[in-house]
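**Student:** In order, the protein sequences belong to chains A and B.
The first sequence runs contiguously to residue 351 in the numbering used here.
The second sequence runs contiguously to residue 287 in the numbering used here.
Hints were generated in silico from the structure; no laboratory data involved.
Note that the structure is a prediction, hence the values are computed from the model and not measured.
Some clues are possibly wrong.
Now the stretches of chain B that chain A is said to cover, found in silico as 3 or more residues with beta-carbon under 8 Å [unchecked claim]:
{"id": "1", "segment": "26-37"}
{"id": "2", "segment": "129-135"}
Calculated from the model, a selection of chain B residues having no Cβ within reach of chain A, i.e. all distances over 10 Å [claimed, not checked]:
{"id": "3", "residue": "N76"}
{"id": "4", "residue": "S115"}
{"id": "5", "residue": "K144"}
{"id": "6", "residue": "K145"}
{"id": "7", "residue": "G152"}
{"id": "8", "residue": "H165"}
{"id": "9", "residue": "T188"}
{"id": "10", "residue": "Q193"}
{"id": "11", "residue": "Y215"}
{"id": "12", "residue": "D217"}
{"id": "13", "residue": "D277"}
{"id": "14", "residue": "I284"}
We put the CB at the ideal spot given by N, CA and C, even for glycine.
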Amino acid sequence: MNSSPYLKIILNLIFLNLAHLLLLDHLAMAPFAYSFAYIGVLLFLPVEFNKIGLMFLMFGEGLLMDAYYNTPGIHAGSCVFVAYIRPYLLDAITPRMGYEANSGCSVKEQGLAWYSMYSFSLILIHHFLLFFLEAFSFDQLGLTLVKVLLSAVYTYFILLFIELAFGGKSN
Amino acid sequence: MSKLLQFLYRSRIFLVFLLLEGVSVWLIVSKNSYPRSAFLHSSSVLIANTLAVRSQIMSYFQLKEVNEVLAYENAQLILELESANYLIQRESLNEKSDSVSGKSFSYHPAKVINNSTLKTNNYLTIDKGVKDGIKKGMGVISGGSVVGLVHETSDHFATIVSVLNPKLLISCRIKPSGTLGVVQWKAGNPREVQLNFVPRHIYLQYGDSVFTSGFNSALPEGLLIGTIYKKGLKADEAFHQLMVSLSLDFSRLDYVYICMSNQQAERDSLEMKLISQP
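Let the hints inform the model, and build the full structure from the sequences given.
**Tutor:** Shown next as structure tokens:
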């Protein structure tokens, strides 16, 4: 890793936001599966990242998405929540040897099994909060749950694709 | 005191978490919060300009469909021109024109730069704003059908609450029976809306057309909303259960027309007096 980690993080941020707003949002598989691939901003960060900084970063990211989707607070709330639990999740699924210093969360560094476990659980929690805050009722519980599950799977695969296609270069 | 500070320092992560979640929840539940009207909508400058760039790129891929729509609208305009000519002829024969029958709406085209049909609450963003005379609450139509009402505005952009948003209720009239009802979308299918409050004694048929009633001063009367394609009547219900298939395909909206009413302010201020009086 030659470039500074912050430069990489910022490039990642810009790339994912543009990709999401310009393209990925339009690849929704009507009316059940939507991709909220911007959550990759959180997933692709290094393991060691300031916890408070992370929450503020995701709060800002959520507000940006709220402005785009006209849903004040919904994305911000879900993003802050996943940002809060990410360190706990990382602790819970520490590999047997522990994390290496400055290690990232990519498939190459941590292996597909670890990456899937990590990304899918965070995506699932994020989408769960997102869809239930959006519906704001348990009226159509079944429909909302189906949306949550299918969208989480969909987002997971899109992010896995992005990760495998573009993620390897910097290492 | 120092213990308290130590405690606060140790739980700082959780406190920041609570603070940010608190702000988010406040944004969700407060209806008219300042940040929402100031910048948290897709007519804000940053978002709207990004959307405008995307729309410019995407519009090349939609030229064919746009042509079709324009051709269709042209055809309708020709029809209207014919009927207008007929009216002029009739007028010149014997009838006096009436100041009341003068046009109460003017229409201004705008381009849709963002559109959703698959969310729980759907909105559109258009490339016209306050500087083009757009105000909150104006009606928006396309191809002789209702699109929605203007929701928020900025200098050069505006957001629209689409018909595909459960918050928007539209007063409508069913033809041929002439009954009034209220159209409301229920999250799910972007091609159909619910038609509520039609009393059970009314006789309805599949294919009956649903038009705007003109009771909402923002929308002209007689715009086609759709046709009844599903109906049911439970023994213990006072109203029909009706589904209307929309005549407009919201996923293909490209150009819309803003209805600027010359009389909306006058009419609304008159009708508001009824509400404010006991």
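**Student:** Verify that the Cβ of N76(B) lies farther than 10 Å from every Cβ atom of chain A, and report whether the claim holds or is violated.
**Tutor:** holds (22 Å)
**Student:** Would you check whether the claim that Y215(B) is not at the interface survives, using Cβ distances to chain A and the 10 Å cut-off?
**Tutor:** holds (24 Å)
**Student:** According to the definition I'm using, a residue is off the interface if its beta carbon is farther than 10 Å from all beta carbons of the partner; does K145(B) meet that for chain A?
**Tutor:** holds (14 Å)
**Student:** Holds or violated: is the Cβ of G152(B) farther than 10 Å from all Cβ atoms of chain A?
**Tutor:** holds (22 Å)
**Student:** Taking the shortest Cβ-to-Cβ distance between H165(B) and chain A, state whether it exceeds 10 Å.
**Tutor:** holds (16 Å)
**Student:** Does Q193(B) really sit off the interface, with its C-beta more than 10 Å from all C-beta atoms of chain A?
**Tutor:** holds (14 Å)
**Student:** Does I284(B) really sit off the interface, with its C-beta more than 10 Å from all C-beta atoms of chain A?
**Tutor:** At roughly 28 Å from the nearest Cβ of chain A, I284(B) sits farther out than 10 Å, so the non-interface label holds.
**Student:** Evaluate the condition: distance from the CB of D277(B) to the nearest CB of chain A exceeds 10 Å.
**Tutor:** holds (25 Å)
**Student:** Grab the minimum beta-carbon distance between S115(B) and chain A and tell me whether it stays above 10 Å.
**Tutor:** At about 27 Å from chain A, S115(B) clears the 10 Å cut-off, so the statement holds.
**Student:** Would you say D217(B) is clear of chain A, with no C-beta pair closer than or equal to 10 Å?
**Tutor:** holds (26 Å)
**Student:** Closer than 8 Å Cβ to Cβ for three or more residues is the test here. Does the segment 26-37 of chain B pass it with chain A?
**Tutor:** holds (count 9)
**Student:** Confirm or reject the coverage of the segment 129-135 of chain B by chain A under the rule of 3 or more residues with a beta carbon closer than 8 Å to the chain's beta carbons.
**Tutor:** holds (count 3)
Figure legend: structure checked against the earlier numbered hints; every hint is met.
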